[in-house]
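The listed protein sequences correspond, in order, to chains A and B. FYI, in my numbering the residues of the first sequence are 2 to 299. FYI, in my numbering the residues of the second sequence are 63 to 387.
What the hints contain is simulated information worked out from the structure, not anything from laboratory work. One should not assume that every hint holds.
As the list claims (entries may be wrong) - Between beta-carbon pairs, the in silico distance windows are: (1) B:Met314 <-> A:Trp127: 23 to 31 angstroms; (2) B:Val189 <-> A:Ile164: 40 to 48 angstroms; (3) B:Val311 <-> A:Val128: 26 to 34 angstroms; (4) A:Pro45 <-> B:Val75: 52 to 60 angstroms; (5) B:Glu107 <-> A:Pro45: 48 to 56 angstroms; (6) B:Val311 <-> A:Gly125: 23 to 31 angstroms; (7) A:Val184 <-> B:Glu275: 16 to 24 angstroms.
Claimed, not checked - Only some residues are given here: those of chain A computed to face chain B with a beta carbon under 10 angstroms: (8) Leu138; (9) Thr144; (10) Leu146; (11) Thr234.
Since the model is a prediction, treat every value here as computed from it, not as a measurement. Beta carbons: idealized from backbone N, C-alpha and C, even for Gly.
The lines below spell out each chain.
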Amino acid sequence: MSLAPLPHAPAARAGFVRGFLSVPSAAIALAVFVAMSAAAFLAPWIAPQDPYDLMQVDIMDNLLRPGERAWSGMTHWLGTDGQGRDMLSAMLYGLRISLIVGILSGLIALAIGTLVGLVAAFRGGWVDAVLMRIVDLQLSFPTILVALILLVILGRGVDKIIIALVVVQWAYFARTVRGVALVESARDYVEAARGLRLGSLRILFLHVLPNCLPTMLVVATIQMAQAISLEATLSFLGVGLPPTRPSLGLLIANGFNYLQSGRWWISVLPGVVLLVLIVSVNVLGDRMRDVLNPHLGR
Amino acid sequence: MLEFILRRVAQAVLVLFVMTLLVFFGVHVIGNPVYIFASSECTRECLNDIIANLGLDRPIWEQYWLFLGNLLQGDLGRSFTHGVPAMSLIWQRFPATLELATAALVLALAAGLPLGLYAGLRPDSPVSKAIMGFSMLGFSVPIFWIGLILILTFSVRLGWLPAIGRGQLVEVLGVRVSFLTLDGLRHLAMPSFTLSLIMMSMVIRLTRAGMREVLHTDYIRFARANGIRESRVIGVHAMKNILIPVVTVLGMEFASVIAFAVVTESIFSWPGVGKMLIDAIAVLDRPLIVAYLIFVVVMFVTLNLLVDILYSVLDPRVRVGGRTR
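Extracted from the complex, chain B is given alone in its bound form (with noise of 0.2 angstroms):
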C-alpha cells in the first residue's frame, strides 16, 4: 500500500515537473512582452532597460531555474499588466469560479438525478426519450452557443435576468460570495445553468443505466418481496449503488468543469480565473498566463492522485497495476 501510493507520488511529481518545462518554454515563445511596455518614441536604451527589468536578458535556462526555484516557494511571477503578483491575482479570482462550479455541481445533481431516474424506471415513454435526447443535446452543443441563446432570450427578449457580472456580493468568512442574494442568484442562474449542462447530461445517463442494471438484482427483488414501501426499495436501497459511480465520475469531472468555466466566464464576464486567462492571452501577459497553467495542473494532478489512492484503497486490485487492462 505504502510503496503504491509513494510510485503515485513520485509518478505525480514527474508529470508536474515536465508540465512546468512545457509550460515555461511554450510559452516562451509566444510574443515579445517588451512591446507592451515600450511606448511609441522608446529608444534602444529604454528597451534595454524594459529587458533588464523583465529578467528577459538572461538565458533562458537560467530564467527556467529562477522560475522553478520561484514556484516552489509560491511565487510565479509579476503579472505584466497589473503589476502584482500573478498568484495573489489568481486567488483573488478563483472564489468566483469555484462558486461558479459548484453552483453548477449543484445544479446538475439536483436536475440530473430525478431525471435519471425517471428516464430508467420508463425507458420507454416519450418522456424518457425527451430526457434522453436532452442529454445527448448537452453532451454535443458547445456551451457558447446555449450560453448564447439564453443571453438573447432572459436578457435582451424578456428582461427577466442580467447578461454580464456577479451582482450584489456579500462576506461570508472572509470570501465574497453572490449565492446569498437574490441579485447574486440572478446573476448566477444562467452562467452556471450553462457550465452545468454538461455534468447533468452525464448525472442523466450515469443514472438511467444504473436504475436499470440495479433494477434486476436480486437484493432489489427481496426488498420489494419483503413489502418494502416502493419508494424506499427506489429511493435509499437502488440510490445507494446508483450513486457510487455518479459521485466518481462527478469528482474526477469537477476538475474539467473548472477548465471549461474559461467559456461560460467569458461569455458572461464573470469575473473568475478563466476569464482572467483569456484576458491575460489577448495582451500576452506571460506571467499571468504561466501561473494560470500551474495552478491548473497542480490542481489536476492532485486531484488525480487523490481520486487514484482513493481507489486503491476502495478497490485493492487497482494496486498490483491492472488498471489499464
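This is chain A alone, in the form it adopts within the complex (with noise of 0.2 angstroms):
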C-alpha cells in the first residue's frame, strides 16, 4: 500500500502551485513574505549595525530623522531611536525575532494540537468528550487574556511567549484536525485499510493524518499570523520580550514614547514592516484555503 494519497501526485502538485500563484495578490504576498524571510534571517551579516552590541551604538547618535548623518559619518537612511540604534537594523533583528517566535510556536502548537485531535478523533467516546470540553473552555476564553495571565506568571522572555502562545492556539489546531480526521476516518480507504488489518496507529499516522495536512497548512498559515500580531501586542503592552531582545511590537512601544513629539519614524517605521509582514502572511493564508479547500469557508 503505498503511502502517497491520490492528490498528492507530482501532477495535482504542479497544478496546485500554478493556481495557488495564479492571483497576483498571492503572488505578491508570496514575494514579499519570502524577502522578509530572507533578511530576517540574513539580519546579522547585512544589518548596518549590530543594536545589541553596545560598542556599536552611540548614545550622541539618538533620535536622528531618517536619512541623517551621524558623529561617525554613517547615515542612518531610516533614522535612530531614543538609545541611538540604527533604526533598519533595530527592524531587521525585531523582524527576526517576531518571525521566529511566530514560527516556533505555530509547529509546536501544531504538533501538540494534531496529536489532541487525531486521539480524539480516533479513540471518541470519553476521551473525544474530554479534550473537546478542555478546547471549548479554553476557546471560549480570548486569547489575549489567557496570553496576558501567563505572561504575569512566566515573566519576560523568548520562551516563555513561545509557551504562552502555543498554550493559546493548540485548541484550534486541536479543533481543526479532529473534525477533519472524524472525516476522513469515515472515507472508505480508512475502511480499506483496517480490511488489509493494518495497524490503527499506522492507519492513523500514514493515511489519515496526510489527508488532514491541506486544512492544517491553512490553518497553521492564518494562526501564524495570529501569533506574530499577538506577540507584537503583547510586547507592545510590556509583558513579552525583554528589552534586551526587541521584537517589531517592542520597537513600536519605544517609540510610542516619542510619537507625541512628532518623532513619527520610531515607531511608525517597524509598525509599517509588521503591518505588510502580517498581511502578506494572511493573503497567503487565504489563497492557500481557496486553492486547497473550497469548501473551508470562514
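Two chains, two frames, a set of hints: combine them into the complex.
So this is what it looks like as C-alpha cells:
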C-alpha cells in the first residue's frame, strides 16, 4: 500500500503551485514574505549595525531623523531611536525575533494540537468528550487574556512568550484536526486499510494524517499571522519580550513615547514592517484555503 | 430542559472553581509583594510585620481557603497599592470600560451592517472588493497599531482629537459617562473606533455572507413576485434573517471586546479596568490582578451559560448533546 494519497501526485502538486500563484495578490504576498524572511534570516550579515552591541551604538546619535548622518559619518537611512540605535538594523533584528516566535510557536502548537485532535477523533467516547470540553473551555476565553495571564505568571522571555502562544493556539489545531480526521476516518480508504488489518496507529499517522495536511496548512498559516500579531501586542503592553531582545512590537512600544513629540519614525516604521508581514501571511493563508479546500469557509 | 440547565450550571460552577485555583496559585508565583512596601532601611522585624499584615505567613492552602471564603462574600482583598478593596476599584473603573465597549458595539453595527449589505448585494463591484479588503485588515492588523496611527494622524498631525483620557463627564443615574458631552465624544471617538474594528469586520463578513445566502431563497423570490418594493424586501424580509447570526456572534463577542479593551485602554490612557490591570501588573499588585481575573472569568462563564441556555430554548436539538458534533 503506497503512502501517498491520490491528490498529492506530482501533477496535482504542480497544478497547486500554478493555481496558487494565478492570483496576483498571492504571488506578491509570497514574494514579500520570502523577501522578509530572507532579510530577517540574514540580519546579522546585512544590517548596518549590531543593535545589541553597545560598542557600536552611540547615545549621542539618538533621535536622528531618517537620512541624517551620525557623528561617526554613518548615514542612518531610517533614523535612530532613543538610545541611538540604527532603526534599519533594529527592525531587521526585530523582524527576526517576530518571525522566530511566530513560526516556532505555530509549529509546536500544530504538533500538540494535531496529536490531541487525532487521538480525540480516533478514540472517540469519553476521551473525545473530555478533550473537546477542554478545547471548548479554552476557546471560550479570549486569546489575549489567557496569554496576558500566562506571561504575568511566567515573566518575560522569548521561551516564555512561545509557551504562552502555544497554550493559546493548540486548541484551534486540535479542533480543526479532529473535525477533518472524523470526516477522513469515515472514508472508504480507511475502511480498506482496516480490511487489510493494518494497525490503527499506522492508519492514523500514515493514511488519515496526510489527508488532514491541506486543512492543517491553512490553519497553521492563519494562526502564524495571529501569533505574530499577538506577540507584538503583548510586547507592546510590556509583558512579552525582554527589552534586550526587542521584537517589532517592542520597537513600536519604545517609539510610542516619542510619538507625541512628532518623532514618528521610531514607532511607525516598525509598524509598517509588522503590518506588511501580517497582511502578506494572511493573504497567503486565504489563498491557500481557496486552492486547497474550497469548502472551508470563514 | 431543567436537567439540561442544571447540568450546565453545575459545569459552570466547576469551571469557576478550577479557574479560582488557577488564578490564585498562578498569581501567587509572581514577585514578592513584600518588597513593594518595605523601605530600604527595613529590618528583618519590620519585614515580618509586613508579611503578617498581608497574611503571607500562613500556609498557602489556608490562604486559598480564606480567599475562597472571602470571594463568596464578594470580597477579593485590598489592593496593595491603593489600599482600598480591590472589588470597589473594579466597580469604580468598570463603567468606563463598559461605555467604551458599548460605543464600539454601536459603531460596529452602524458601519458594518450597511457595508456588509452593499458587499452582499454587489459582490463583484470594486467597492465591495475594497470593503472586503478593509474587513481583512480589521481582522489581521493588531489593534494597538491602528490606535497608534490614529493618534499620530488626528492628535499629533492634525490636532483634532485628544489622545488620552475621557474628557468631560456627566453623571447619569449615578454613573459618570462621557458620551453626552461634546468633549467626551471627542475623547471617545478614537478609542471606540479602534476597539470596534474587529467586531466591524465580523459584522461585514456575516452580513455579506447572510445576504448572499438569503437572496436565493424562495421567500425573497415570492416577496419580489408579490411586487413588494426592493428596499422593503432587503430592509425587512432579508434583514430579519441576516440579523440572527450577527446578533448571536456579537453577543458572544462582547465579553472578549471587554478583554481586548486592555489594549485600547492602555494606548489611549482610558481609565477603565483594562488600564487598571496593566498598571497592576507593572507594580505586581496581586489582589488587584486576581480580582480583575476573577471578575472577567465570572463574566465570561455567566455569558456563556446564558448563551447556551438561550440556545437550548430556541433549538431543542442542542439539549441532547449534539453541540460538538
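Hints and how they fare:
1. Between Met314 of chain B and Trp127 of chain A the beta carbon distance is about 27 angstroms. The supplied range of 23 to 31 angstroms therefore holds.
2. One distance hint, 40 to 48 angstroms for the beta-carbon pair Val189 of chain B and Ile164 of chain A, holds here, with the actual separation near 44 angstroms.
3. For the hinted restraint 26 to 34 angstroms between Val311 of chain B and Val128 of chain A, the CB-CB distance of approximately 30 angstroms keeps it satisfied.
4. A hinted range of 52 to 60 angstroms for the beta carbons of Pro45 of chain A and Val75 of chain B is consistent with their spacing of about 54 angstroms.
5. Between Glu107 of chain B and Pro45 of chain A the CB atoms are about 53 angstroms apart, so this pair conforms to the stated range of 48 to 56 angstroms.
6. As the Cβ distance of Val311 of chain B to Gly125 of chain A is approximately 30 angstroms, the hint placing it in 23 to 31 angstroms holds.
7. Remark: the range hint 16 to 24 angstroms for Val184 of chain A to Glu275 of chain B is upheld by a beta-carbon distance near 23 angstroms.
8. About 6 angstroms separates the beta-carbon of Leu138 of chain A from the nearest beta-carbon of chain B, less than 10 angstroms, and the hint is met.
9. Here the hint on Thr144 of chain A is kept, as its CB sits about 9 angstroms from the closest CB of chain B, short of 10 angstroms.
10. Among the interface hints, the one on Leu146 of chain A holds; its C-beta lies about 4 angstroms from the nearest C-beta in chain B, closer than the 10 angstroms criterion.
11. Among the interface hints, the one on Thr234 of chain A holds; its C-beta lies about 5 angstroms from the nearest C-beta in chain B, closer than the 10 angstroms criterion.
The structure shown violates none of the earlier numbered hints.
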